[in-house]
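Visitor: Here is what each chain is made of, one letter per residue.
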Amino acid sequence: MLTGIILLAAIIPLTNTKINSNLESYMPDTMLSKINNKKIGEFFGNDETMLLVLENEDVLQPATLKRIQNISESFMMNDAFEQVLSLFQTKNIQSDDGMMVVTPVVENIPEQPAEREALRESIRKNDLAYGLVVSEDFRYAMIMLTTDQQMPDVELMEQIHQIIGKYPGNEKVYMTGQPYLRTEANDKIALDLMVLLPIGLCVMLIFLWISFREFKAMILPFSVVVFSIILAMGLIPALGWELSLIGVLIPIMMIAIANNYGVYFVARYQEINYYHPGRNIAKIVQEVIAYLKKPMILCGLTTIAGVLGLVVHLLIPARQMGVVTSIAIAFALLLSLTYIPALFSIIGKSTKKQYKQVNEGFFHHLLSHVGKLATNSPKRMSIFFIVSFLLLSGGVFKIHVAPDSNKILPEDHGFNRAIRIADEHFGGSKTIDIMFEGDATDPALLKRIDEYSHRLEQNPLVGRTASLSMMIKKISMALHEPGEPGYNEIPEDNFAVSQYLELYGMSADIADFERFISFDYMHTLMTVQYQAASLPDVEGLLQDISEMLKDEPQPYVVGGASLIDKEISQSVEIGQYYSLLFAFLAILILLSIIFKSVTAGVMGSLPLVFAVFCTFGLMGWVGIELNIVTALLSSISIGLGVDFTIQVFWRIKTELMYTDNWQKAIDKAVRGIGRGITINAFSVMIGFSVLFLSAFPFIQSFAFLIIISLFLCLISALALIPALCMILKPKFLNDQRPTSKVKCLTSKV
Amino acid sequence: MKTTIISILIFCAFALTAQNAREISHKYMNATEVGDMEMISTINIYDAKGNVRTRQISTASRKFSESTKMLIRFLAPADVKGTALLVYDYEDQDDSQWIYMPALRKVRRIVSTEKGKNFMGSEFTNADMSRPNQQDFDYQLIGETTLEGRKCWKIKATGKTDALKLQNGFSSNISYIDQQTFLCYKIEYFDMSDKLHRIQYITDYKKQTNGKYFAYRMTMQNVQNNRKSEMIVDKFQSGSKLPENTFSPAMIDKF
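Top line first, the protein sequences correspond to chains Y and W. Taking our numbering, I'd label the letters of the first sequence as residues 1 to 749. Taking our numbering, I'd label the letters of the second sequence as residues 1 to 255.
Watch out, some of these pointers could steer you wrong.
[Said to hold, decoys possible] Derived lysine-lysine pairs resembling DSS-like cross-links, with alpha carbons at most 25 Å apart:
#1 W:LYS106 to Y:LYS473
#2 W:LYS81 to Y:LYS473
#3 Y:LYS38 to W:LYS49
#4 W:LYS81 to W:LYS241
#5 W:LYS160 to Y:LYS166
#6 Y:LYS294 to Y:LYS664
#7 W:LYS81 to Y:LYS474
#8 W:LYS49 to Y:LYS39
#9 W:LYS63 to W:LYS206
#10 Y:LYS34 to W:LYS49
#11 W:LYS106 to Y:LYS474
#12 W:LYS195 to Y:LYS166
#13 Y:LYS447 to W:LYS106
[Unchecked claim] Across the chosen pairs, the derived CB separations fall in these ranges:
#14 W:PRO249 to Y:ALA80: 39 to 47 Å
#15 W:ALA48 to Y:LYS447: 28 to 36 Å
#16 Y:LYS447 to W:PRO249: 25 to 33 Å
#17 W:ARG105 to Y:THR30: 48 to 56 Å
#18 W:LYS49 to Y:ALA80: 21 to 29 Å
#19 Y:GLY486 to W:PRO249: 18 to 26 Å
#20 W:PRO249 to Y:ALA118: 27 to 35 Å
Derived by calculation from the structure, the hints in this document are not laboratory data. The C-beta atom is built at its ideal place from N, Cα and C for all residues, glycine as well.
Produce the entire structure from the sequences given, and follow the hints as far as they go.
Guide: See below:
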């Protein structure tokens, strides 16, 4: 009844679920990059840029130019776009027979080869166009669009696709930009949920059937999974949150985790039923609960503690994920201790056939072998783990943090292709903005900005810089003859700068300047266009900028889209450490409390240390980057992996109540609880394996890593922990005599 | 037969309406045709946050045989004081423009193809500053309304071609013309997507000695970016006695 009420309460808000793929919103508003971008936005707007790249052998061919003209003019006619910049809108400021002439780069489409070559030559001389709206090899032409973020992304992208579709041609068209990324990511999040969830549930259902061969043993843990998913997903809108890119993992995590407790219950139920065929269902259920209640609650608590490690993460969706999954895991635990036993009692008993089949199969032989290996050669086993640890974890030093979020989409996606073209042919796809405060017409400031531009352009990562200084110098070239004082120079007094600006306002559009100078002329912006393959590249360039500006007398603010990317990457890295530390400490403390021994805390943490460091090492060796999804790995795998250790400790402790022979007790424990743990681990791994079908490459990487990590946790729990117990014979495992309830349970098993 | 008669009637009604609309618009232009003049005006340019940038300019305009010549000089602020712009507005060819910049003590000819762009960074466009060529527009009487107690016609003017629309910076506009005086008090400008872009309010009409009317205050509100500009006439004189050689590039710095 209570379950029904909770589910109903969770289903209602589900209909209000909103998807949010805006990575910037994943960061708290207190992040420096957001604060700086907001400051810059106050004076220069918060426009977003979309880049369209057209590829042809020669983009100056009449058909290609006509297409660029049609497309760019259609964008200009559409008020969704604030600014449009292509060969047809970019200005050519030149001096012509004593006149300052401001014209579009392409005034007329050249039909004859000679005219075309003349245009090519004129573009080569125009640094407002060459390498900016057309590549130096004339193979690519760029159309830059800015949007004021008023129109919803989906609508905006529809308009762009419609305009491109209206003017077909032989040119390949690629595009990139945040609205495109968000639209594509939103579609893929929805697709992932529609595809992965049903497949995941089906896989889980099949796995439960193969494991238990009993209808109620399959359907009851499965229903707990479904209920927990509903609760977890319902909590997101109920708490006023939106489903993020990371949120795709939540239902899959619930598939993997929420059936754990049910699986332990069923495994133990079948075990007792096998050895006590005459015992009635109520009695068996009672015995199972008496035996499993404590370890299940402890497993649940430790899993929650691990997952709660995400709450201290710097990314907001990671924190939200930590909260909702923790609540849903607690709910699954509660259902496994109340709802499953209640329905088991009502449905009635099964034959012992199911357990026998499994007991004589693969698991039995494998676990017997592992148990013997760990107890007969514990030192060799420990050395094996130490060597493996050293080899695998060495890769940790090779881990790269993703410098941006571009790899959300596949490498061969048009979005990433456009980025590569921008990097290789247009000076870079990333930008850093530097806003200087103070009189923007002050020649001293403009000269310093000019100097900064020159210095930055020496950096191999920087493609180009753009600033008011560049525009003023360009005007000076149209007002003076080459060789004359003032040609290609910033004027000496600010009256002249103001008059240059008025001049431009009268001869062209002063809006051309609004990218660089604020309305009150008290702020000026310098844009640095660059490319970076790694986070250290971005950090290095920012360090150079910081060094360069250390003596700048005017206040300045450094911002730009790539600063957000950089801070997301840093948050991923630092958040990862926080979560890892929190999870380890929480587990260490919990295990110490549970077994009333710090040794238990330390020993229990070893499999997790082994699994986490080896997994990260593997990431380094294989070349998988740390990104917003893979950074969640440690908390999740610690939360899940600790269950195995607790179960093993618990069982060894139980076995030691009846014998002082450690080898016999450990061997029996591995064979006994090993089945439940292995089924559990494989069910979790199979649950996560569904993520291989995700449309997001980094979720596929996550699937690979979490499976590896869980496998390492499993083998550590089944081989390393028994070997260590055999060597150390810790006191916390051998300090109790059996209670009557446990005694009757274990006496025959 | 019946259909044909109805079609002809509709066509006639449409043609009559278009004719009336064009005539009304023509009468408005005629009522405000001041010809030669000299004036001092202040342009206040406001951004969306209410920050203001002010320019004071003097303007002299005279019609000569082949063109109307206009000389604009900045009186304030100090950094652009003395900057002057000379425009030759031809009927049948592109305008010629020269600018004098006191900081450089140089006169430069400038060429602009951007008639639809902002005038001096304000919300007025260069096109708003000159009289429209009626041949470039289709006119339509779309209704009547009362504006501040005045009964007005609503005349819609639509650019005949996309090129003309782009050149003027709007696809169409709706003028509110007083049925008594033929003076226009409000113009709504629509962008290339036919969305309302700017609203111009024209007030403080004063009758001049030649019987024509001149508006002493114009406000242009950009409803899309929330910027606003106003042009206030501080001093106006109908007619100009400035000789033609004053309107020459060689004399631009001496005005």
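Visitor: Evaluate each hint against the coordinates.
Guide: Results for each hint:
Under the criterion of a C-alpha separation no larger than 25 Å, the hint pairing LYS106 of chain W with LYS473 of chain Y is consistent with the structure, at around 17 Å. Only pairs whose Cα atoms come within 25 Å are accepted, and LYS81 of chain W paired with LYS473 of chain Y is accepted, the gap being roughly 22 Å. With a C-alpha separation of about 15 Å, the suggested pair LYS38 of chain Y and LYS49 of chain W falls inside the 25 Å cut-off, and the hint holds. Proposed proximity of LYS81 of chain W and LYS241 of chain W is supported: the alpha carbons are some 24 Å apart, at most 25 Å.
For a cut-off of 25 Å, the pair hint linking LYS160 of chain W to LYS166 of chain Y stands: about 22 Å separates their Cα positions. The straight-line distance between the Cα atoms of LYS294 of chain Y and LYS664 of chain Y is roughly 24 Å, inside the 25 Å bound, and the hint therefore holds. At most 25 Å may separate the alpha-carbon atoms for a hinted pair to count; LYS81 of chain W and LYS474 of chain Y meet this at roughly 23 Å. Distance hint between LYS49 of chain W and LYS39 of chain Y is fulfilled; the C-alpha atoms sit about 14 Å from each other, no more than 25 Å.
A threshold of 25 Å between alpha carbons decides the hint, and for LYS63 of chain W with LYS206 of chain W the separation of about 21 Å falls inside it, so the pair holds. The suggested pairing of LYS34 of chain Y with LYS49 of chain W holds, with an alpha-carbon distance near 21 Å, which does not exceed 25 Å. Simply put, LYS106 of chain W and LYS474 of chain Y have alpha-carbon atoms about 17 Å apart, close enough for the 25 Å limit, and the pair holds. In summary, the hint linking LYS195 of chain W to LYS166 of chain Y is supported, as the alpha carbons are separated by about 21 Å, within the 25 Å threshold.
A threshold of 25 Å between alpha carbons decides the hint, and for LYS447 of chain Y with LYS106 of chain W the separation of about 23 Å falls inside it, so the pair holds. The hint said 39 to 47 Å for the Cβ distance between PRO249 of chain W and ALA80 of chain Y, and at roughly 43 Å that hint holds. The given range of 28 to 36 Å is respected by ALA48 of chain W and LYS447 of chain Y, whose C-beta atoms sit roughly 31 Å from each other. About 32 Å separates the C-beta atoms of LYS447 of chain Y and PRO249 of chain W, a value consistent with the hinted range of 25 to 33 Å.
With their beta carbons about 53 Å apart, ARG105 of chain W and THR30 of chain Y fall inside the hinted range of 48 to 56 Å. Between LYS49 of chain W and ALA80 of chain Y the Cβ separation comes to about 23 Å, which falls inside the hinted range of 21 to 29 Å. As the Cβ distance of GLY486 of chain Y to PRO249 of chain W is approximately 20 Å, the hint placing it in 18 to 26 Å holds. Separation of PRO249 of chain W from ALA118 of chain Y is about 30 Å and conforms to the stated range, judged on CB atoms against 27 to 35 Å.
Consistency with the previously given hints is maintained throughout, with no hint failing.
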